Amino acid sequence: MADDPLDSSPSASAAAAAGGVSSGPRPALRPRREAFEYGLLPIPKLVFPEGALTQTLSQLKERLAPGGPRVGAAALAEALQIPAEQAALALGTLAAVLPAEDSALGEDGSGSADLRDLLLFLYIQSYKRLVPRVHKDSPAVTDVWPSTSAFDGYLSALSPIQFVRSNSRRFMPSQADEEAHQLSYLQKHMTNILTLLADSIDGEGDDSMVLTMETFEHLGFFLQLSEGTPLSQAATFFANSDPDMPAAPVPAALVHDWVLQHIASALEFMAEKTVAKENSQHNAFDPDVTMSDAVTNTRIHSSSPTGSSAPNYPGYYRNASFVEGCSKTSVVKQASDLKGHSIKVLNCHDSVIYILAPLKYATVYGCSDTTIILGAIGKVVKVEHCERVQIIAASKRICIANCRECIFYLGVNHQPLIVGDNHKLQVAPFNTYYPQLGEHLAQVGVDPNVNKWDQPFVLGVVDLHDSLSHPAGVSDVQAESTTCLDPDLFTNFLIPSWFEVEGPTKYNPFTLPEVYWASQRKKHASLEDIQKNIRELEIDDIRKKELACALHAQFKDWLYASGNIRQLYCLQGE
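So the sequence shown is numbered by the working numbering: it starts at 142 and just counts up by one.
These aren't lab readings, by the way, just hints derived from the structure by calculation. Hints are supplied without guarantee of correctness; some may be wrong.
As the list claims (entries may be wrong) - What follows is a list of derived Cβ distance ranges for each label pair:
hint, residue 1, residue 2, range
1, N420, K647, 54 to 64 Å
2, S341, V656, 51 to 61 Å
3, D627, K414, 20 to 30 Å
4, V656, E409, 53 to 63 Å
5, G192, T646, 48 to 58 Å
Claimed, not checked - Think about it this way: if two alpha-carbon atoms lie no more than 20 Å apart in a straight line, the pair counts; the simulated EDC-like pairs of lysine to aspartate or glutamate are:
hint, residue 1, residue 2
6, K565, D595
7, K202, E355
8, K565, E546
9, K523, E178
10, K501, D249
11, K523, D607
12, K523, E319
13, K202, E219
14, K269, E319
15, K186, E226
16, K593, D249
17, K523, E191
18, K186, D607
19, K269, D340
20, K565, D607
21, K565, E621
22, K202, D340
23, K186, E203
24, K523, D588
25, K593, D627
26, K329, E191
27, K186, E219
28, K202, E319
29, K565, D588
30, K523, D627
31, K414, E546
32, K329, E409
33, K269, D318
34, K663, D627
35, K523, E621
36, K329, D343
Just so you know, these numbers come straight off a predicted model, no measurement behind them. A virtual CB, placed ideally from N, CA and C, is assigned to each residue, including glycine.
With the hints as extra help, turn the sequences into a complete structure.
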């Protein structure tokens with residue numbers, strides 16, 4: 142689902158016309174996807190009607206402003222009339238999607254947020270995601286994957302199996318489609334957004350509303366430049382300001398024109414590239430892992446040495462790497478194989494995916510019958526529209542939406558967020574390790590001494606950010622929660638040592654609850670007793686051979702029934 146890079150600039154003349162930017166290629170403006178992908182919460186009182194959005198937030202700003210420039214959870218809960226735990230969740234989610242850490246807010250959102258960031262965060266709760274295009278053969282796939290419900294309206298437009306059979310990626314919104322949709326949303330609402338952020342001064346007309354350079358930089362919550370240049374350095378009205386002498390505020394109308402001209406230019410450029418791509422006869426696959434690579438029973442991993450430069454793949458332009466469309470295979474990605482700070486595992490079936498790297502964000506979407514190991518995720522893991530998957534994740538946060546019959550082995554510092562139309566979800570404590578895991582956890586700030594795997598935070602069954610209409614009252618229905626995996630069914634997961642990489646981590650860094658430790662000890666003792674009894678059996682060689690064959694057959698049946706057969710292939714390949 143990655144696309145051609147958007148970093149190529151429009152013509153110099155278009156750039157020069159874009160509101161105070163000098164001639165020559167200019168940096169491309171595009172949305173910060175993290176805010177839209179990981180920053181939306183289906184809490185009804187955070188999603189204001191679009192017609193009253195600006196008025197409601199302006200009133201909220203007036204209510205909160207007397208308390209100072211920063212807002213804590215208690216003040217937010219009182220102002221919005223929501224439970225304290227929902228206000229804390231909102232600030233924690235805001236902290237997880239900010240472009241840079243806010244020390245006063247804290248990584249976990251336990252402090253106080255900048256009022257301007259909070260207003261932007263609450264504003265985009267009105268955003269509606271792009272709906273997948275309808276498959277032309279939808280009746281043929283209705284019983285394939287996974288079934289829709291009255292609540293979620295749709296799940297994945299294509300199942301992993303359908304994805305493999307039809308190669309119809311054109312029915313899924315591409316990264317470029319979603320970015321264009323996000324830019325169009327910002328284009329539509331930018332007038333209201335700047336009105337919320339602007340300060341009022343003495344004067345008449347447009348000159349009475351101004352923005353400081355500091356406030357202008359807060360637009361970086363959902364807008365960014367491709368080269369990572371600060372917004373203020375790209376706008377001539379703030380560029381090259383003396384740090385010791387803050388730039389004077391500028392009229393909000395000037396900022397408005399600059400932003401809209403850059404958004405329009407970016408949308409025009411994206412549209413031209415989309416048309417060119419559709420007219421091209423070349424149907425390129427996405428980077429990293431393609432269906433042509435996904436050979437049955439084959440272990441796939443990148444062999445690029447540490448520190449080597451990555452290919453000029455478009456996924457890297459967006460600070461994300463992709464593992465997509467794998468079927469009946471194993472994939473290994475280490476830190477040297479991944480560029481950017483996020484990973485997306487999309488539409489994989491009957492596979493084992495190892496992501497053994499420190500990252501900020503991870504998305505798992507549309508997978509089935511697959512085991513996915515996420516080594517260390519410092520911000521958020523999001524799992525959507527999956528069925529019969531096993532997720533092993535060490536992360537600050539995780540959000541689970543619209544999944545069925547999945548097991549989550551978690552090491553998480555915050556309560557797992559459960560939203561949408563879920564069924565038969567089980568959770569268990571984290572159950573694996575690899576040599577660099579401890580170092581990766583420390584690098585991204587995940588604390589292995591805190592694990593809230595069994596404390597789900599359950600919200601509504603309806604996704605308030607889709608573009609579908611829902612029956613009245615359905616938004617008040619709570620999602621189905623999780624159950625804890627039976628300790629007798631808990632097993633440790635062994636990650637193969639393909640690369641002989643040394644590291645200090647020799648065991649699971651997350652403490653196993655006593656009930657699971659007791660079950661493990663009981664299994665170990667039982668196995669020792671069985672081995673002892675077999676050794677003491679006084680039977681001839683023929684009977685021993687028959688017993689060995691019976692045990693082998695039972696073990697093989699268990700491997701297939703439990704889904705661990707793929708892991709055995711990986712271990713055999715060491």
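Results of checking the hints against the structure:
{"no.": "1", "hint": "N420 to K647: 54 to 64 Å", "verdict": "holds, 56 Å"}
{"no.": "2", "hint": "S341 to V656: 51 to 61 Å", "verdict": "holds, 60 Å"}
{"no.": "3", "hint": "D627 to K414: 20 to 30 Å", "verdict": "violated, 52 Å"}
{"no.": "4", "hint": "V656 to E409: 53 to 63 Å", "verdict": "holds, 60 Å"}
{"no.": "5", "hint": "G192 to T646: 48 to 58 Å", "verdict": "holds, 54 Å"}
{"no.": "6", "hint": "K565 to D595", "verdict": "holds, 15 Å"}
{"no.": "7", "hint": "K202 to E355", "verdict": "holds, 18 Å"}
{"no.": "8", "hint": "K565 to E546", "verdict": "holds, 5 Å"}
{"no.": "9", "hint": "K523 to E178", "verdict": "holds, 9 Å"}
{"no.": "10", "hint": "K501 to D249", "verdict": "holds, 14 Å"}
{"no.": "11", "hint": "K523 to D607", "verdict": "holds, 16 Å"}
{"no.": "12", "hint": "K523 to E319", "verdict": "holds, 17 Å"}
{"no.": "13", "hint": "K202 to E219", "verdict": "holds, 13 Å"}
{"no.": "14", "hint": "K269 to E319", "verdict": "holds, 11 Å"}
{"no.": "15", "hint": "K186 to E226", "verdict": "holds, 13 Å"}
{"no.": "16", "hint": "K593 to D249", "verdict": "holds, 14 Å"}
{"no.": "17", "hint": "K523 to E191", "verdict": "violated, 26 Å"}
{"no.": "18", "hint": "K186 to D607", "verdict": "holds, 16 Å"}
{"no.": "19", "hint": "K269 to D340", "verdict": "violated, 29 Å"}
{"no.": "20", "hint": "K565 to D607", "verdict": "violated, 23 Å"}
{"no.": "21", "hint": "K565 to E621", "verdict": "holds, 8 Å"}
{"no.": "22", "hint": "K202 to D340", "verdict": "holds, 12 Å"}
{"no.": "23", "hint": "K186 to E203", "verdict": "holds, 18 Å"}
{"no.": "24", "hint": "K523 to D588", "verdict": "holds, 19 Å"}
{"no.": "25", "hint": "K593 to D627", "verdict": "holds, 17 Å"}
{"no.": "26", "hint": "K329 to E191", "verdict": "holds, 12 Å"}
{"no.": "27", "hint": "K186 to E219", "verdict": "holds, 12 Å"}
{"no.": "28", "hint": "K202 to E319", "verdict": "violated, 30 Å"}
{"no.": "29", "hint": "K565 to D588", "verdict": "violated, 28 Å"}
{"no.": "30", "hint": "K523 to D627", "verdict": "violated, 24 Å"}
{"no.": "31", "hint": "K414 to E546", "verdict": "violated, 40 Å"}
{"no.": "32", "hint": "K329 to E409", "verdict": "holds, 15 Å"}
{"no.": "33", "hint": "K269 to D318", "verdict": "holds, 14 Å"}
{"no.": "34", "hint": "K663 to D627", "verdict": "holds, 14 Å"}
{"no.": "35", "hint": "K523 to E621", "verdict": "holds, 17 Å"}
{"no.": "36", "hint": "K329 to D343", "verdict": "violated, 28 Å"}
Of the numbered hints stated above, those contradicted by the structure are hints 3, 17, 19, 20, 28, 29, 30, 31 and 36, listed in ascending order.
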